[in-house]
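Enquirer: Based on the sequences and whatever the hints tell you, model everything.
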Amino acid sequence: MGPGLTWLAVFLVVPCGLVFTYSFFERGLYGGIDYLFTFENYTRAIDPLYLKIFLQSLKIATMTTVLALLLGYPAAYFIARAPRSRQNIYLILAILPFWSNYLIRTYAWIVMLNREGLINRVLEGAGMIDEPLPLLYNEFSIIVGLLYAYLPFMILSLYASIARLGSELGEASTDLGGNALKTFLGVTLPLTLPGIGAGCVFVFVLSIGNFITPELLGGGKYIMIGNLIYDQFLSARDWPFGASLAFILIGIMMALLFMQAMLVNRYSGGSNRA
Amino acid sequence: MPTAWGGFTLHWYAALVDNEVILNSVRNTLIVAVVSTALATVIGTLLALGIEQGRRNGFLEAFVFTPMIIPDIVLAIALLSFFTTLKVTLGLHSIILAHVVFNIAFVCAVVRTRLKHFDYSVIEASIDLGASQMGTFWRITLPMIFPGVLAGALLAFTLSVDEFIIAFFTAGAGPSSTTFPMQVYSMIRFGVSPEVNAIATIVLGVSFTLILISQRLGKGVTP
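Those protein sequences? They're chains A and B, same order as listed.
Position 126 of the first sequence, counted from 1, bears residue number 126 in my numbering, the numbering being contiguous throughout.
For any residue, its number in my numbering is found by taking its place in the second sequence, counting from 1, and adding 274.
Calculated directly from the structure, the hints in this document are not laboratory data.
Ideal Cβ placement from N, Cα and C applies to all residues, glycine included.
Careful: at least some of the hints might be erroneous.
[Claimed, not checked] Where chain B lies over chain A, by a calculated footprint (3+ residues, C-beta under 8 angstroms):
1. 6-20
2. 97-104
3. 209-222
4. 227-241
Expert: As structure tokens, then:
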């Protein structure tokens, strides 16, 4: 156990602690750090200029999460209710994209969505549009990229909780006179809430911290918190400000994980009664 | 844009084979992946054994889990700050050190799932029968958890080959420590040429072949 904990202490705890302390210092005149204590980095983050980027990131991450849930739930439900022998094959198909390089998968969307890309070509060929649609380098393309990348996380979390449920409860509800919709809303949905929570937190956290997809599919026009942190460290050389942004990001993440843990606690207590 | 299509050619595949820059980045990626996987597999396995055999400790378990959930960019800037503050020159070695951090977490998680069903009385039996601690580890414990260790190592290797953000921040300037994902990123971002399409096709082909092989192997190990 010793070497592992030592490694994590030296290369995880110390670096993160370092960044945390940097976030309270002033920026040096030529980059670097002036060791003068200040809260300014945090107050600067709520400047309208940066607040806008935070709100934009929240919006993109929220939309990605909602769409992932709407697309992921039917898929997970279908997999969980498929014959046992076929479930594994479906799951492998769902996670297959993970086995290729993230950048290449993102690049594939550039090829698909650009003005002369596959989608525009097909629509034009079919005579449905005269002008190519502006599909790339906007919020839409960022959300498509994130959704494509993180949907498998949603499907896996939902699958785990739907499969555990078994089909008996649904049958019982139907026997007692509930119709399909009532059964779904009254039984299935509440009991799979922990899975929904876990899936949503996964997708949201991964989306909001991402900077590659906004960079490549947003064309650099739509930046998110991750891009801002990247710029502060590698371009502006304002490490203290970048550090404070990183800790705000971690703060958002911790709050979500905490909420998710509460949800699980509440429902593992509630499911005994059900 | 490389999408305006003007006919078939294999030229871009041939260009790839001659491209020193790309071949060098592939070599760098393999060095990083092999060394960091080897280190992380040993360290992560020991960590998993320590956690599973010790008293249950929620804090410790959450701590070991941290590198898996912390945003990549945060870990990347933290390590960059750390190396810079200590005036460590950046290069392949700093990428390796950084990759071991998250690889440990994944190896540890995979090995722990294997240990959940481990019958510890086997170890007691071995010691009762006069085997030494080390002898028991090498001849009993390790062979029993080996599928888990191997799976953890494969996962660490795959993640390491694909990892971009942390490598990008801890590589430093200069082409000598450019990894393959970094190379792909700069090709997509700056000079888009049909070579990118050729690379993408090869990477997809290799990835899917590997997953097919691991599926086949997996069937042999766990019926």
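Enquirer: Each of the hints needs a verdict: does it hold here or not?
Expert: Here is how each hint holds up against the structure:
no., hint, in the structure
1, 6-20, "holds (count 9)"
2, 97-104, "holds (count 6)"
3, 209-222, "holds (count 5)"
4, 227-241, "holds (count 5)"
Against the hints set out earlier in the document, no violation occurs for any number.
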